[in-house]
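Residue numbers (the numbering used here), protein chains in the order written: chain F, 1 to 91; chain B, 1001 to 1396; chain S, 2001 to 2273.
There's no promise every hint is true.
Partial selection, computed: residues in chain B whose CB lies under 8 Å from chain F [claimed, not checked]:
#1 V1198
#2 K1200
#3 T1258
#4 A1259
Sample of chain F residues at the chain B side, in silico, Cβ under 10 Å [what the hints assert, rightly or not]:
#5 D45
#6 S46
#7 E51
#8 S53
#9 V54
#10 E66
#11 G67
Since the hints were made in silico from the structure, they are not lab data. As the structure is a prediction and not an experimental result, all values here were calculated from the model. Ideal Cβ positions, reconstructed from N, Cα and C, are used throughout, including at glycine.
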Amino acid sequence: MTQKEVLDEIKTIVVERLRFDPRRAADMTLDTTLPKGVEGSLGLDSLDFIELSVALEERFGVVIEEGEDLADDFLSMDTLSRFILTRAGHA
Amino acid sequence: MTRVVVTGLGVVSPYGVGVKPFWAGLSAGTCAIRPVTLIDTEGFRARIAAEIPAGAMTSLAASRRRARGDRLALAAAREAIADAEVSRAERAATALVVGAVGGGMLEAEAWYWAQVREPGRSSPRPRALLSILPSTHAETLGWRLGLGGPKETVVMACASGAASLALGADLIRAGVVSRAVAGGVDALTRICFMGFNVLKLLDPEPCRPFDVGRRGMSIGEAAAFVVLEDAAAARARGARVHGELLGTAVTTDAHHVTAPHPEGEGMVRAMRLALAAARREPSAVGYVNAHGTGTAQNDRIEAGALRRVFGEGGVLISSTKSLIGHTMAAAGAAEAVATLLALQHELIPPTANLAAVDPEVPFDCVPAAARPAAVEIAMSNSFGFGGQNVSLVFAR
Amino acid sequence: MNAPIVRALGWRSGWGPGLGALPEDARRAAAGRPVVSLGRPALDEERFRRATRDCLWAVAAVGAMLEDAGARREAIAGARTALIYVTAAAYGPSNRAFIERPGAVYFPYTAPAAAPAEVAIEYGLTGPLTIFIGGGVSTLRAIWHAAGLLAGATCDRVLVLAVEIFDECADLYARVRSGEDPLVEAAGCAWLERGTGTLALEEGVATAGRDDVRRRVGETFSCEPLAALGLRRSVVAGAGPIAVSARWGGEEVTLIWGGPTSGVGAGMREGSE
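In isolation and in its complexed conformation, chain F is listed as follows (with noise of 0.2 Å):
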């Protein structure tokens, strides 16, 4: 799995399970932030995470535990899609 392949995927998610128009999805780069308050980010609160981190385990088969503390992989794309491909064993 490239990074690009994850990419991909929490695109498709962001549109089906957090319901953002398609094409604000489509512009998202690896560069592009995640969370509410975040310059330029693409406005997630804690609802969205949860509903994101429960979409990656469904996808990727990670485990993601609710008590970790995952801002900083959570920041961006690049960031999101690295932590998936170390926890999904790609990397």
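Following the hints, position chains B and S against chain F.
Below, chains B and S alone, put in the same frame as chain F:
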């Protein structure tokens, strides 16, 4: 200013039917959270809840054909009315306020799933769908108990039970009625379990409010009602008074559909407004029955809000939810009853399952065992999804 | 009790925006359709991407009310505005959707509290909130409760908001309903402020006018009393008492506005819609 007193209490809880077993369970610190039997929890992160025991259900007078929530509510409201010794004639002018969320959902869900799986076999005009609305409880209770005054159903998520007491007190203070039966009810439902499961808010083990290692909430079910009364009317008929509802307040966060305001802004305002309505200083309060769900976020933010209002360690706090789970729309009402009983018995029910208090909770959370304390004034807090905050202030 | 004035009223229904869009005869206009749908309002897609239709229409109805008042949203923001939300069934679709497709982002919207929460967030309302479940009787009680809040100076204004959404559960309604009136999706919001007339809430149905409203609007559960208020806005203050009645769950209630300086329409702009 009209004073509002509490003249009747009624509870059906995971400890059984009645106020007596409720207080016995709370004061003994018995955690009633056990494996779920009512719904299929295969694959859920938590498979435990605080259910009403089967034996207690069997003992209820109401027909088994009624929705579970209706049966619980009827028993609890009936006990409260009997406790207050409200006559049939007085009931005709008594208001009813029911806090509810699930309504007949447990039964409706079962019908719906049967219908999805085996469309040919379910009834075409399902009774279960007719009782799905939470307002059905008020219709059933009004009719069965002869309550002839205004009937309202308040659905304010996890704050419903507390909001119903606040509204009942409003009706009395506005002079609409001199007496109101107010409380909350929720039976366990699959949708509720599914929802908190998918939000990863359920602790696989019995919940541990205020513990540093807490992992979420446990769900429970209950019904709790009180009889609220204009103090003058109660005195005139020689009613026994359990306590006084000194003040209430409801505020909104306007922040997020699920998350509380990070600084607990709405919680702080609710507590301060309720104290102002009660004409009491924070220092007069000796005990707070906290919302205390056991989720990472609630307990931390609630503790912060309590610190802003009462100062660090300024008050004893405990969580009824550690004992009987989060009983949803019943929670605020059950916790109001717990608060009144604590004042009456001069004994603070403990927070169960609390091994190591979170350093962010700078309060004595009354771990493990009930604590004798002759408290005069106590507060009960309830907060709901959508940023609804309800605070009730009681006096002995 | 002091009667509140209705400063403004926003109304949206499956018949089109405003009360001017109501047909003379809802049954005929529905032409056999069991549900007259509102569709989706045009709101910022990304901000409301998770919200269900009941939330969207709740927000839109408050917007329509502000438009009617000719007021900016700042006029209602803050802790001095109370919000009372009433619905019988608007959260049915979100519950059904969640049962069929559980997802973290959908669960909060199964609660009726989601709609007033979105309204509070959108318009910055931090005052008292009450949510009643029921039909028109609950809406009349909400107005009565609002009058109490205003009389007690708990707040300066109260928004009574009612929303009903049916489309996604049309097949379930077909199983349990026998009424001939079409289910008409609707959202209404009344802006109430303190008045000087009198308000009374009585048991029983007093007015023939109610049937007229029902005939025009169709079945809108909790929204109907707000349509009745709006339709009587041409009745100016002093023209005598105005009564609005409702039936629900075996209860019948009538709210009566009286007194010379109050009345429905006293605070409204003439002829606005």
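Structure-based check of each hint:
1. With its C-beta approaching chain F no nearer than about 7 Å, V1198(B) sits inside the 8 Å limit, and its interface hint holds.
2. With its C-beta approaching chain F no nearer than about 5 Å, K1200(B) sits inside the 8 Å limit, and its interface hint holds.
3. Checking T1258(B) against chain F: minimum C-beta separation of about 6 Å stays under 8 Å; hint holds.
4. Using the Cβ-Cβ criterion of 8 Å, the hint placing A1259(B) at the interface with chain F is satisfied: the shortest such distance is roughly 5 Å.
5. For D45(F), the suggested interface contact is upheld, since its CB lies about 7 Å from the closest CB of chain B, less than 10 Å.
6. Taking 10 Å as the C-beta cut-off, the interface hint given for S46(F) holds, the closest approach to chain B being about 5 Å.
7. Contact between E51(F) and chain B, as hinted, is supported at the beta carbon level, the nearest pair being about 8 Å apart and thus within 10 Å.
8. Given the 10 Å rule on beta carbons, the hint for S53(F) holds: about 8 Å separates it from the nearest Cβ of chain B.
9. Here the hint on V54(F) is kept, as its CB sits about 7 Å from the closest CB of chain B, short of 10 Å.
10. Because the closest C-beta pair between E66(F) and chain B is about 5 Å apart, less than 10 Å, the hint holds.
11. Hint status for G67(F): holds, given a least beta-carbon distance of 7 Å to chain B, under 10 Å.
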